[in-house]
Structure formats: C-alpha cells, structure tokens
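Mind docking chains A and P on chain W? Use the hints.
Residue numbers (the working numbering), protein chains in the order written: chain W, 1 to 289; chain A, 1001 to 1342; chain P, 2001 to 2250.
Don't read these hints as lab results, they were simulated from the structure.
A quick note: this is a predicted structure, and the numbers were derived from the prediction, not measured.
One side of the interface only, derived from the structure: several residues of chain P facing chain A at Cβ under 7 Å:
1) A2103
2) R2110
3) G2111
Restricting the straight-line Cα-Cα distance to at most 25 Å, the calculated cross-link-like pairs of lysine to any residue (SDA-like) are:
4) P:K2165 <-> A:I1010
5) W:K261 <-> A:Y1140
6) W:K261 <-> A:D1148
7) W:K221 <-> W:V259
8) W:K256 <-> W:V211
9) P:K2165 <-> A:L1206
10) P:K2055 <-> A:V1118
11) W:K261 <-> A:I1143
12) P:K2240 <-> P:D2207
13) W:K221 <-> A:Q1283
14) W:K221 <-> W:F265
15) W:K256 <-> A:I1143
Using C-beta positions, here's what the derived DEER-type ranges look like:
16) P:D2231 <-> W:R177: 40 to 46 Å
17) P:A2241 <-> W:R177: 29 to 35 Å
18) W:R170 <-> A:L1097: 55 to 61 Å
19) A:L1307 <-> P:I2087: 28 to 34 Å
20) A:H1086 <-> W:R170: 56 to 62 Å
21) P:G2075 <-> A:L1109: 21 to 27 Å
22) A:V1088 <-> W:G150: 55 to 61 Å
Note that the Cβ used here is the ideal one computed from N, Cα and C, for glycine as well.
The chain contents come next:
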Amino acid sequence: MTSILTNLFDGVAYGMLLFVLACGLAVTLGLMNFVNLAHGAFAMAGGYICAVLVNGQGWPFFAALPFAFIGSGLIGAAFERGLYRHLYTRSHLDQVLFSIGLVFMSVAAVDYFMGSSRVFINLPSALEGQFDAFGVGIGRYRLMIIVICGLLTALLQLILAKTRFGSRLRAAVDDPRAASGLGINVPQVFAFTFAFGCGLAGLGGALSAEVLGLDPYFPLKFMIYFLIVVTVGGSSSITGPFLASLLLGIGDVAGKYYVPKMGPFVIYTIMIVILIWRPNGLFGRTAAR
Amino acid sequence: MATSSDVGRIARAHASWHWSEIAFWCLALACGFAFPSRYLIMTDIVRLGLFALSLDLILGYAGIVSLGHAAFFGIGAYSAGLLALHGVITEPVLALLVAGLAATVIGFLTSFLVIRGVDLTRLMVTLGIALLLEALAERYSDITGGTDGLQGIVMAPVLGLFEFDIFGRTGFFYALIVLFLLFLIARRVVHSPFGLSLRAIKNNPLRAAAIGVPVNRRLIAVYTLASFYAGIAGALFTQTTQLASLDVFSFERSADLMLVLVIGGTGYLYGGLIGAVVFRMLQEFFSTITPEYWQFWIGLVLVVIVLVGRARLHRWVLLVPNWISRQLSGRKAAVAIPESEA
Amino acid sequence: MTLALETKGLEKQFGALKVTRDLSLQVAHGARHALIGPNGAGKTTVINLLTGVLKPDAGRILLEGHDITNRTVHGRVLRGLSRTFQINQLYPDLTPIETIGLAVAERLGRGGDWWRVMGTRSDVNTEIAENLARFHLTDVMNEPTATLAYGKQRLLEIAVAIASKPRVLLLDEPAAGVPESERHDILAAVASLPRDVTVLLIEHDMDLVFSFADRISVLVNGAMLVEGTPDEVARDARVKAVYLGEGVDG
Chain W
1 MTSILTNLFD GVAYGMLLFV LACGLAVTLG LMNFVNLAHG AFAMAGGYIC AVLVNGQGWP
61 FFAALPFAFI GSGLIGAAFE RGLYRHLYTR SHLDQVLFSI GLVFMSVAAV DYFMGSSRVF
121 INLPSALEGQ FDAFGVGIGR YRLMIIVICG LLTALLQLIL AKTRFGSRLR AAVDDPRAAS
181 GLGINVPQVF AFTFAFGCGL AGLGGALSAE VLGLDPYFPL KFMIYFLIVV TVGGSSSITG
241 PFLASLLLGI GDVAGKYYVP KMGPFVIYTI MIVILIWRPN GLFGRTAAR
Chain A
1001 MATSSDVGRI ARAHASWHWS EIAFWCLALA CGFAFPSRYL IMTDIVRLGL FALSLDLILG
1061 YAGIVSLGHA AFFGIGAYSA GLLALHGVIT EPVLALLVAG LAATVIGFLT SFLVIRGVDL
1121 TRLMVTLGIA LLLEALAERY SDITGGTDGL QGIVMAPVLG LFEFDIFGRT GFFYALIVLF
1181 LLFLIARRVV HSPFGLSLRA IKNNPLRAAA IGVPVNRRLI AVYTLASFYA GIAGALFTQT
1241 TQLASLDVFS FERSADLMLV LVIGGTGYLY GGLIGAVVFR MLQEFFSTIT PEYWQFWIGL
1301 VLVVIVLVGR ARLHRWVLLV PNWISRQLSG RKAAVAIPES EA
Chain P
2001 MTLALETKGL EKQFGALKVT RDLSLQVAHG ARHALIGPNG AGKTTVINLL TGVLKPDAGR
2061 ILLEGHDITN RTVHGRVLRG LSRTFQINQL YPDLTPIETI GLAVAERLGR GGDWWRVMGT
2121 RSDVNTEIAE NLARFHLTDV MNEPTATLAY GKQRLLEIAV AIASKPRVLL LDEPAAGVPE
2181 SERHDILAAV ASLPRDVTVL LIEHDMDLVF SFADRISVLV NGAMLVEGTP DEVARDARVK
2241 AVYLGEGVDG
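Bound-form chain W, shown alone (with noise of 0.2 Å):
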C-alpha cells in the first residue's frame, strides 16, 4: 500500500515536471501551429546553465535556478527574433527539418563544450534523503519540485485568468486572426510567450537533472515525452497539457516500478491509442488547424 503512495508521489513529482517543461511547447503548437522539436534544447539549456553556475561557480541550488529561467528564456527570445518567426507561415515539414536541426546542433555544441558524460548539480544538503510521512516514504528532492512547479502553475492560471496579457493570450490562441482583428498584436505576444515558455523549460531542465538525467542527448530523448504532453493534453487550455503531464507521468513511474521490463512500452502504446480515439488529444476542443 505504502509503496503505491509512494510511486503515486513520485509520479506526480515527475508529471508536474514535464508539465513545467512542456508547457511552453503548447503554446507554440496551439498559438503558431508551429511543430518545434527543438523545445527540449532550451530545457538543456537551463540545466546547464544551472550546473555552470553551481558546479562550476559555487553559486547556492536556489540562486541559480532563477537564471536557468533567465538564461534559457533569452536564449528563447533570440531565437524567436531570429529564427523562428521567419518560418511560421512554413509547411509543417520544413518545421520538423528545422527543429531537428537545431536538436542536431543542440546536441553536438553541449556535447563539445560540456562533454558528453551524465552532468550531476550540487544540491543543498537540505534536499537529499527522503523523509517519512505517515508510513509513505517521501522524497525532499520530489517534495520540492511539487512545490515549486505547483506554485508555477498557479501562478500561469492566476497569469492567464487574471491578468490582461492573459486574456490576450486566450484570445490569441481561441482565433489568431480574430485577435488581430481587435488590434491584438498576435507576434509580440507570441514573442513573449515564446520567451516565457523556454525559460519554464529552462527551469524545468535544471529542476530536473537530478531527476531525469541532464546529458547533451536530452532534447532527443524527451522529445518524445514533450510531444505527447501537447498531442494528448491538447493545446487549447493549460489545464489539458497538466493532466496529461500528470497521467504520463505517474503512468511511467508505475509502468517502470511494476513491469520494468516492457520499459517505455506501456507509454508508447497508450499515446498512439490516445491518438487515434482522439486525434486532437485527450482534452483537446478544436480540430488542430
């Protein structure tokens, strides 16, 4: 019974996780209809950035992390500027060359100048070990990310609900033409949401080296993952993309705890059942466009 709260527990750790890091990737397909499968390259990037600064640097874990955001959302920015916005009216194939170009790129430069050797982050002493809470084994590390990716994600509903930006940006995604129609100026918001999103992810990949791994392969071997966040979750809402992050992954915590050995399987065949009982995910409302 423990041992199920506790996978439970671990597996809401990861899902929020993947949420954090995934989430800005919704708003790339749902706003832009653009397929970047280069998002996990800005997540890498903010691990990295995170492991410089403390590895390398001594900064603390927790004044690192904000510039793992910082860092990967300007990354993100620039790229935006530069690259992307010249492709959006493109055809869906020339996305998919383009971003895996990047992720080709991505890998090979951190695998130059990093190496290509598994990178561990320093943690504080504070977070190691795992605590007991009636009977359910709890880890600090895990405790942590569910709070802080909790309090994310919040604060991005609290954003999208209440603020004027917010409403701008439902608008935007609801009907990108009818948006600019209200004099809603539909590529700076996406700029910016743009940016925002890589900077979660940046954060989400510096959380999460001490999770899943932070090596130069990582945009290739959870691409995958972030891609079935959006498809399933759809990308019509937040609230859609979070369940999904959740359902895989507690969905993979347990498939690896209680049939190790069909591995990634389990979660393989489940997407492309998803996918085919519904085509625009899970809790996706409108036919992608």
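Frame of chain W, contents of chains A and P only:
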C-alpha cells in the same frame, strides 16, 4: 479534336525514358568498375538511396510526413539477420524478399493508424511506432541481441553463385541491382493512374475525394508499398554489413533520411538517390573536420536548407543537380516543389 | 417516379449554432433545380452534407432512392453524385488530360491500377478525348492548369465533374468571378449539359438562376423558406423581403 491515340501518346510521354536517366544508371554502374577500393561506401550510398526512395514514395508523392520511417528499415534488417543467423532462409535474394514482406505486413497494419489525423498526429504516430519497435527489440534482447545486436551473421552466396567477398564487390553489385529493379517498379507506379491519384491526394485530398478517389485506400496502399521498400533497404543493410543492432530503429536514422531526401528534392524519384550521394559526401567531409561532432554540421545544413527555402535552394544553390533532375524528371513543371505549402 | 435527389429532415449544428434546420429537399429526375439564399443562409453546409464532407446530426439523404447518408465522399461520386467547386480547387501542376484522366480512371475502376502507365488504356483515353473536345479544352490539353485562362479553368472544373458521368450534378456558382468576355462559354456549357443529368445549381447570380432553373428553393437561416417555379418564387413576398436591398432579379 484530339483522338484517343493523341491523348494516349501525350499521357505516356511523361513516362518515357529520358537520355539523362539512362546516363545516370550507366554512371552508377561505371562507378562499380571505376572505384574498386570504395565498394563499402558506395554500397552504403546505394542502400541509403533505396531507403530514401521509399520515403519519397510517401512524402514526395503522397505528402505523408513520417518521423519514424526507420521502423520498417529496422524490421527488414532484423528479419534478414534472424533468417540468416538461424539458417531459416540462407539464400540472400529469397531472404531479402521475405524480410521485405515482413516490413510490408507491419507497414500495412500501422498504415491504418497513420492515415488518420493531421500532420502532427502522423508525426507522433510514426515516431511512436519506431520508438515502440525499438523498445520491443530492447525488451526481447534474447532474440535481437539487445544493444550488442545480432552477432555472427554469415551470408550464403547470392543465388548460390556469387560469394560475398571482403572488398564488398558482390555486395555492391547485388545492392545496385536490387535498387535498379525496385526503382523500375517505383517508376512505373508513379506514372500509373494510381501514382497520378497520389499526386492529387497530396495536393488536395478533399478535392481528390470529390473526383472519386478513395483517399484512405490509396494512402494505405502507398504506405504499405513504401514499407516494403524500406524493409528491403534494411535487409540489404544487414546482408551487406552482417550487422543488425538497435540503432536500425533510431530516430536519428529517420531524421537523417529526411535530410537525404530534402537535399535531393522530393517527388521525382531520383531525389533520394542524388541526396544519398551528396549526404554521404557531406558526412565524409564533416567527419574529416571534426570527427566526433559532424552531427553539428548536419544539423546546420538542415537549418540552412530550411531558412534559405528548399525551393530556392534547388533553383540557385544546386543549379546543376536541379538541371539534372529536370532532365531526369522530363517534365515541364519544376520538380523541387515543396510539399503542401499550406 | 423516384426522385433524383432527396433529403429528409437534415439537421446540422456547429456548437450552439444550427446551420441546417429540418431541410427537406426534393429534386426530380432531369430537373434544373436551383438552390438560392442570401449570404450565410447555409448553402455551403448543404453542399458539404450532400457530398459527404460533413455528416448530418439527423436526417437522411437519398440518391435515386438509395440511402447514401453514411457513404464516403468518393463512394457518392461512384454512385453518381458529382460536384463542382466555387473557388478554384483544381490541381495547378496537372494538365487537363491528367485532371480529367483522374476522374475517368476512377469511374472505370482503373484508378487503383498501379502497373500500367497512364495513357495505355484506350477506353480511358477515348473518354478523356471526348470530354476535352466537349468543353473546348483540346487546344490546352497538355498545359499545366495554373497557366490556363480563368474561363478555361472554370470549364475544366465542369469537365472534371462531368467526366465522372454523374446522374446528379451539384454546380456551385459555376460563373463566379469569370470575366464577362468568357462568361458566354460557361453559360453555354451549363445549358448544354445532357438532359438526363439532374442539376442542382447553387448560385448567387439571379440572371443565371432565372434563365436556367425550372424550379427554385430558397434557403434562409438553414431552413427552407419557399420552393416553387421561378414565377412563384419571383412573386413571393417573403422572398422579396429576404432579398430586400439585394433585389430578386438583379
């Protein structure tokens, strides 16, 4: 008033052989005699060309974007490897066909999943199927040899006559002949009414249905055919290298394949073959500069191709290949038309 | 006498918006029937329901007495229901031979033939040649469609639909956007359609409707307002009210 025979003559004209096509194949054959020290890399190019030809059938002619075409390559590779390793079918040509058919069966079964939905769903499903097969191959490592791959594959002589030699001479001519035969079939297929209906579907599926074209059935058929080609390419890989390991299913293989086809241009059959030559030469060139990081340059090539624009690239940067391709395709319309600019 | 095309209580709803309401349409054999209505009346939805692009929420569609409600788009074409498109949806890089060839090959059941090269079947070639001649396309038969004059493209549009040998033909604004000088060819082509082909014309242009149709249905807000002969419709007060400002005959 045009008579029935006028119409037939004009319609058939598109399918007639152009002198430059004949020159292309003569050149390919000549390479086999001119560079006896380079059989291994040339065989590699031939296999890659066949694999790219397979992708061209679904991407260039039917407009299906696949991120997991390596799935069928892998099925073919493992089938050929297992058939040889366990001595089920030792004769390579027969084993090649059986391996190709194994890929065809998987292709047919998965085609029903692929034809549904929009581009993104197709990307996910094709990628998912390849990853799933890779995971399966890893899970059943007692059969597939896991990460080490199949060990100790020994190939019997082709048709019982031609022994595989250490220089790869037999392997090269064997692969080239297989490529040529399959190319002939593909060439006929794309110039048939079936091929014409594929072009219509790629351009506008709704309109094709309104003309009476059973869109889904055609897509299933071409996807199945392409999986046969990819399976043969994979089987050739195993037979000529005596290797089959998990990376036959890898995403990088599918991604590289797209680059190959994009370099050569889609929708006129020769694109994959020309692309395979250029891609391998690029790879060799980049490997000499930075042996470990050639993938960076491959990535850069992809990014630059897309940013410059595939159509423009084929018009200006690759003026010569494009000229060749125009000659080869023998059509008035430009050949390097990007897929669905929608 | 069975009807050529009949709908019974068709309903279609997008979200909260009802775009087709209890639509019952009866088109007699050999009729020249016109479906008119102001913008937003739901004409396009009706075409999509009839051709199978959309599935109705309720109701049935009968083609010569056969229920085709659950048939696929291409299945309906093979059963004898073809359509033309209002905006240009022709294949820009295919020639008229190839475009018409597609339709002919499918109708003769040769579309799936993957082994014989296009142009080797004389039955297909003969039909292509006939259609080219009939729609004055022989002189441009080997030119890519994108390079044809707009009037020729509209003719090709009708030719492709006719090449499927339909028994019921849906004409979606056949003369839309055609310059005055080429208009005559289109009207002549429409007028010379064989009498045994039943035509349902969906049209904005009242001149064309009243010169061509022997029966007119008026669609308003997704529901049938009036149906009758051109005279009856022209005199109907409700129709005049709907078209107020647009003018029934202008």
